[in-house]
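Fit chain R to the supplied structure of chain U, relying on the hints for placement.
Below are the chains, spelled out letter by letter.
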Amino acid sequence: MKTILRAENLYKTYRVGSVDVHALRDVSLEVEEGEFVAIMGPSGCGKSTLLHLLGGLLQPTSGRITVDEEDLSAASDAARTDIRRRKIGFVFQRFNLFPTLTAEGNLRLAEQIQSKNNTDDATRRTEVLKLLRLEDKMKHKPMELSGGEQQRVAVARAIITNPALILADEPTGNLDSENSAIVLNMLQELNYRFNQTIVMITHNPEAAAMCRRIVYMRDGQITTPAVSVQISG
Amino acid sequence: MLHLVAANIRQRPLRMLISVLGVALGVNLVMLFTGLASGMAKDLERRSSNVRAEILFTRPGSMQLTSSTASLDVRYVERLKAIDGVADATPVILYVTQGSAGFGFERLEGIEWKSFAAMNRMSITEGRAPSAANEVIVDATKQRNDNLQINQEIKLFGDKSYRVVGVYQPESGARIKMTLAAMQDALEAAGKSTYILVKARDGVTAEELAQRLEAELPGNKIQLTRDISTNFERSVPFLGTFLRVLVALSAIVSTLVIMLAMYTTITERTREIGTLKALGASRGFIIWTIEQEALLISVIGLVIGFITAFVAGAAIERFSGLIFEYSWRWALVAVAIGLFGGALGALYPATRAANLDAVEALAYE
Numbered sequence: 001m002k003t004i005l006r007a008e009n010l011y012k013t014y015r016v017g018s019v020d021v022h023a024l025r026d027v028s029l030e031v032e033e034g035e036f037v038a039i040m041g042p043s044g045c046g047k048s049t050l051l052h053l054l055g056g057l058l059q060p061t062s063g064r065i066t067v068d069e070e071d072l073s074a075a076s077d078a079a080r081t082d083i084r085r086r087k088i089g090f091v092f093q094r095f096n097l098f099p100t101l102t103a104e105g106n107l108r109l110a111e112q113i114q115s116k117n118n119t120d121d122a123t124r125r126t127e128v129l130k131l132l133r134l135e136d137k138m139k140h141k142p143m144e145l146s147g148g149e150q151q152r153v154a155v156a157r158a159i160i161t162n163p164a165l166i167l168a169d170e171p172t173g174n175l176d177s178e179n180s181a182i183v184l185n186m187l188q189e190l191n192y193r194f195n196q197t198i199v200m201i202t203h204n205p206e207a208a209a210m211c212r213r214i215v216y217m218r219d220g221q222i223t224t225p226a227v228s229v230q231i232s233g
Numbered sequence: 001m002l003h004l005v006a007a008n009i010r011q012r013p014l015r016m017l018i019s020v021l022g023v024a025l026g027v028n029l030v031m032l033f034t035g036l037a038s039g040m041a042k043d044l045e046r047r048s049s050n051v052r053a054e055i056l057f058t059r060p061g062s063m064q065l066t067s068s069t070a071s072l073d074v075r076y077v078e079r080l081k082a083i084d085g086v087a088d089a090t091p092v093i094l095y096v097t098q099g100s101a102g103f104g105f106e107r108l109e110g111i112e113w114k115s116f117a118a119m120n121r122m123s124i125t126e127g128r129a130p131s132a133a134n135e136v137i138v139d140a141t142k143q144r145n146d147n148l149q150i151n152q153e154i155k156l157f158g159d160k161s162y163r164v165v166g167v168y169q170p171e172s173g174a175r176i177k178m179t180l181a182a183m184q185d186a187l188e189a190a191g192k193s194t195y196i197l198v199k200a201r202d203g204v205t206a207e208e209l210a211q212r213l214e215a216e217l218p219g220n221k222i223q224l225t226r227d228i229s230t231n232f233e234r235s236v237p238f239l240g241t242f243l244r245v246l247v248a249l250s251a252i253v254s255t256l257v258i259m260l261a262m263y264t265t266i267t268e269r270t271r272e273i274g275t276l277k278a279l280g281a282s283r284g285f286i287i288w289t290i291e292q293e294a295l296l297i298s299v300i301g302l303v304i305g306f307i308t309a310f311v312a313g314a315a316i317e318r319f320s321g322l323i324f325e326y327s328w329r330w331a332l333v334a335v336a337i338g339l340f341g342g343a344l345g346a347l348y349p350a351t352r353a354a355n356l357d358a359v360e361a362l363a364y365e
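Note that the protein sequences, when read in sequence, are chains U and R. When you line the first sequence up against our numbering, it's residues 1 to 233, in that order. When you line the second sequence up against our numbering, it's residues 1 to 365, in that order.
It is worth saying that the hints were derived from the structure and are not from the lab. Mixed in with the good hints there might be a few duds.
Said to hold, decoys possible - So, partial list: chain U residues that the calculated Cβ filter (under 8 Å) puts toward chain R:
hint : residue
1    : G34
2    : H52
3    : L57
4    : L58
5    : S62
6    : R84
7    : F98
8    : T100
9    : G105
10   : L109
11   : I113
12   : R124
Even for Gly, the Cβ is constructed at its ideal location relative to N, Cα and C.
Looking at chain U on its own, in the form it has when it is part of the complex (with noise of 0.2 Å):
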């Protein structure tokens, strides 16, 4: 099975003053096609500096990153942007969708930023969105929708490109059990359906239980080694 994601000996150390912060401490991690992925720990434990490395927002200290065979650590700023325009998607705990749009025009940036010829797939767009149930929501701006939709239009926007990973940071976290539900089921719908790759941060140890896949976190560092998780249903 083909490698998505692959990070070797991550070291993060933010200065603080004249401190050193250890965020991350010899973290290893590797990702198959395919997998689903729950990153779980206590806060401060670094899982989100990890996702923000594995996505390229930030370089590691030391330690390397491949996704999708690409190097993320030894890219300068501008080739991780265009890495992460070609194979990332992602979802955020407070969906980050642009309030000024509408629902199919968040999915539209999306794709203009992935496409640089300016793609305009309205057949495409509307497809995703009926795969997420938002088929009669296109027109509707962000402030309009419910939490769980508008978390769902994240989703549709990340998938639009069809990214070889999906990043999602704490995607319930904002939402209440019924949505996240709603949103939990989806996402791993879209990985047993589509065979997407996602990696998902979470504190809610229902939500980890979807995965295929728990990594333990802790100080920095991973604690447990990768454990399997029996799918149900």
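Using the frame of chain U, we list chain R on its own:
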């Protein structure tokens, strides 16, 4: 990408309106001031071109842009007529007063109608020529602008009443003319004039005649009438500098307005910029998105600026008699100022946005 730009502009209509007005103000300043300067200069040139005399004979320093004196003895007329090559000579008093609308300048002339009209091929189109001390004639533009009727009273020299008795054509020199005697009487300048128009005989060039006059009557100012409009520009020596300063100020206003608007916008949208970065938007994409927004504001500002400048110019022309003539050159300068000012003003905020740290931007509250 344009749908994002348009949506962002619609999000803050008041801010957009202020930015648009800032750009429009710059365009207004450029178009109105340059239009006025050009309009007045060309109007003077047009009116000067209808003066058929080749030479304007006067005393040094007796004619300025905003003032004139009646210091030239009218007996020079006979001396001038006696010089070989002179076909005719007619005296004129030029008086500059405050405009009838309360601002600007109004020029009045005292003339000997018969000789003046014959020399300059002028005729009365309505009414008759002035004869009494309280009678004036006006040109068609003055009649139209001030909505004057024959026999209507107008106030000149402060509160003195004059009656409009005729309309003349073509437009030439001052728009209001009275008899030389009436003007001498009003100014208490009996036997004086401001200048004498001198017509050359056929076959004698203006330059030749000027040389003869200079030789016969040295110490006076001998000016070719075709140079009058050039002299008008010279008489406002800093007009060009003033216009250039004005253009620079307009550019600064446009740039600052856009810069402030876009800077505020960027601060408000910090998290959105972080999201763009997370989605893989390049620095160029982010800069271009913000630049497009600024350029769209500039284009709207330009359109509104041109429309309001033309409307304001027409209204001022209608109510004051000032004349505006817009040139493509200055219109292009205004367009360049609007677009360049907009692009330049947005460049700093756009670059700042593109350089934001993605993680910090995503965490921005």
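Against the structure, the hints come out as follows:
1. G34: Constraint on G34/U not satisfied, violated at 22 Å.
2. H52: Holds, about 5 Å.
3. L57: Hint holds; L57/U Cβ to chain R Cβ min 5 Å, cut 8 Å.
4. L58: holds (6 Å)
5. S62: It is violated, given that the least Cβ distance between S62/U and chain R is near 18 Å, above 8 Å.
6. R84: holds (4 Å)
7. F98: At about 6 Å, which falls below the 8 Å cut-off, the nearest Cβ of chain R leaves the hint on F98/U intact, so it holds.
8. T100: holds (4 Å)
9. G105: holds (6 Å)
10. L109: holds (6 Å)
11. I113: For I113/U, the interface hint holds, since the closest Cβ of chain R sits about 5 Å away, which is under 8 Å.
12. R124: violated (16 Å)
Figure legend: structure checked against the earlier numbered hints; hints not met, in rising order: 1, 5, 12.
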